[in-house]
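J.: So the protein lines, in turn, are chains U and G.
Sequence positions in the first sequence follow numbering that gives the first Met the number 0 and run 0 to 446.
Sequence positions in the second sequence follow numbering that gives the first Met the number 0 and run 0 to 446.
Source of the hints: derived by calculation from the structure; they are not laboratory data.
Among the clues, some could well be false.
Intra- or inter-copy, both count: the list cannot distinguish identical chains.
Said to hold, decoys possible - When the alpha-carbon atoms are kept at most 27 Å apart in a straight line, the in silico DSS-like pairs for lysine-lysine are as follows: (1) K113 <-> K302; (2) K266 <-> K71; (3) K266 <-> K373; (4) K108 <-> K266.
Protein chains: 2
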Amino acid sequence: MRKHRTSSLRLFSVCRSFLVGGLASLSPILIVHAQPTPTISAAIGEGSSAKPGALSEKQTERANGLIDKALKSDLAYEILESLTTEIGPRLAGSEGEARAREWGVRTFKSLGFKNSRIETFELPYWSRVKETASISAPFPQALAITALGNSVATPEGGLEGEVVRFASLADLKDAPLSGLEGKIVFVDEPMTRTMDGSGYGPAVAKRSGAANEAGRRGAIAALIRSVGTDSRRMPHTGSMRYQQGIVRVPTAALSNPDADQLARAIKLASAMEAGPVRVAMNIQVMTRESTVSGNVVAEIPGKTDEIIVIGGHLDSWDLGTGAVDDGAGIAITAAAAKLIHDLPGRPRRTIRIIMWGAEEVGLYGARAYAAQHKDELHRHVMASESDFGAGNIWQVQSRVGPEDIAAFKTIVRPIARLGASWRGNNANGGPDVTPLRTAGVPVFSLR
Amino acid sequence: MRKHRTSSLRLFSVCRSFLVGGLASLSPILIVHAQPTPTISAAIGEGSSAKPGALSEKQTERANGLIDKALKSDLAYEILESLTTEIGPRLAGSEGEARAREWGVRTFKSLGFKNSRIETFELPYWSRVKETASISAPFPQALAITALGNSVATPEGGLEGEVVRFASLADLKDAPLSGLEGKIVFVDEPMTRTMDGSGYGPAVAKRSGAANEAGRRGAIAALIRSVGTDSRRMPHTGSMRYQQGIVRVPTAALSNPDADQLARAIKLASAMEAGPVRVAMNIQVMTRESTVSGNVVAEIPGKTDEIIVIGGHLDSWDLGTGAVDDGAGIAITAAAAKLIHDLPGRPRRTIRIIMWGAEEVGLYGARAYAAQHKDELHRHVMASESDFGAGNIWQVQSRVGPEDIAAFKTIVRPIARLGASWRGNNANGGPDVTPLRTAGVPVFSLR
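The task is simple: from the sequences and hints, build the whole structure.
T.: Okay, here's the thing in structure tokens:
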């Protein structure tokens, strides 16, 4: 296992260090804010007799050197092991996340990065206290649930009601506005498993949608089939948002096998004419109006005032240690930056590594950064967050100005030896760079 | 998923119906109680011109007919779906197990079997009430544990202590009898993953061993790495037994990733000189001196007074619905028996199908059956329990008298078309037929 994890983390890190190293070193800036600027094209093959659109010998050599070094490094694994063991779960605004920020500063300093600091911000706090559920009739047995982030509590002692199943969120939205009063809505929509994670977005829609549609119809609670395709009895949490003006009903996810079980019970009870399936659930939560979180920021200073942002998010959900989501992103980007840091000489551009705070609960760190750095956003020439797991890389996507696409494709050519290639100019760049992307900063994503 | 499960259950069921059908129909009895008896060899090729050691045309036709029918049947899946949905968890002595017995009688009757009945017995009752644990220092975070069956409780409010890790039960046994006073013993021994399940026995040894060796040394609790190779955060329960004359300490299993985490924490704390790793744990349990369980028994009456026993165990642990352990065994054997039941004419021998009670907590049903039926054990010519999962069959093992091995191998030849073959005469027959096997009844096992 160790071997496997290490090599997966290496491949992400290899790609990132190579790519960021290339972007940081090549001279002209990428297109920013739709202003007319020089393109990166001019930098390709700079200072050599290479044909247009090709990397110079020196550039190729540097790229291959970074790849070779990264393939031998266990640093990403070591960073991840340290974060998940010393700190563990890091719920946004929690004591765990606060300890993680201190760990982040220590880690950045130990890697030799400059200007390590915590940029704090405030956000509301939510945490789970208790969550139990069971089928109470006609086939009594326990169900494995987890409250969705931001869910209100049930009455103390819980609630109980008849369950009405909907095969999809769309079916629930199509349901009449009456007929569900006093009932528990169950949205059984499964997530589609895809290599590029494209099944996630549609699956997430039901996370908020179910409770809001249930509340709108007078239901007393909403259950969803877990987002995710895991077959174990581990429900998947994640945040939801209540819409304004709708009664807020408690909402939770059932693990996939428990969703199967509830669906089977409903079908069987109907076939046996055994009466409606009823569920009892008890969710207790703790909330505070305001707590502190923060982004942990460090830099490899460049020769110009241009900035490239990479990183992952430091906060995690509370049900595990956040190794994949997003300890891996933290580890990959810090290890990649370390390789660039160790190259002879300064990069042309400053590389800013960010451990984002409070991503899971609504991109609070992302918005705080965009606000706190709004006066220098025009100097951000590229941004990317690593928040897509720790498996092998098979593609890289860009979102740059049309005149830079060819140059970007040229830059990424050396990672072909790792089985990865450029695939399209529609990168989203990762959740925490969303405010940068919408402000016009070019982004890239590794897949 | 449905498709896959169905076909796995089918293959088990195919093999069992074919095999039991063959054994029930062939005339002479297998060797029993080491008495000199006719062997099954004489029945092979009976009433035909087949060469010695081969099945007759009629026997081959009947075997292939059973296999063909079984391959088309979804009955095993339907029985399993009904048991796990209507009843769910069936902890020995619980209300769930009692409901399961009623379900068992209903199911046997609906399949057309005769003499459906519950044969009750008593046993002590144990159930979990609460179980939590966390690393309290130096890296505070929660651990996923489950109490081992029969564990005593911690003091109300829990206990806390320094953890001492042992790589194996053997290492703990080798440790001096002093030096662990007031500490928590952690036996980190992993289970080896093997196709034939041979890693299970050695892994189970630590389930009782850890607490007894810990108690002997003045430790206050014992934790083990879960038996099993699952990588999810689901600890594996199972029963343990305290030895006489040793202080009884509470004991629980950590899921595999949580065992990894505790081991990493111990290593890291040592490397950082951060002080000892301490764990807090709280286990509360409920016990009763005596409760009722029972075996559910039914028959396909034969022409002679000889009996073949097949079945699975009805009780399960409480953390899931007991679909694999051992709902699958119940489903496979009931569906197999139904195929034989539907053949024209009576089998020569009575096939007795048993849903055993209270297997998980110490073979109470097995011992009760052997005692209740001791006067007819000499008429039991073969026994087998299906308690090895629901995957495809790849081998069948026998434990018959030496003079019957050749005949047994001949009988099982038709299942070669399913990719399975005879493999050795050392079958254990399954846990609940242990008292029968030790009394001299021949057994077989499907793997």
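J.: Run every hint past the structure and note whether it holds.
T.: Hint check:
no., hint, in the structure
1, K113 <-> K302, "within (14 Å within a copy, 89 Å between copies)"
2, K266 <-> K71, "between (55 Å within a copy, 24 Å between copies)"
3, K266 <-> K373, "neither (55 Å within a copy, 44 Å between copies)"
4, K108 <-> K266, "between (58 Å within a copy, 23 Å between copies)"
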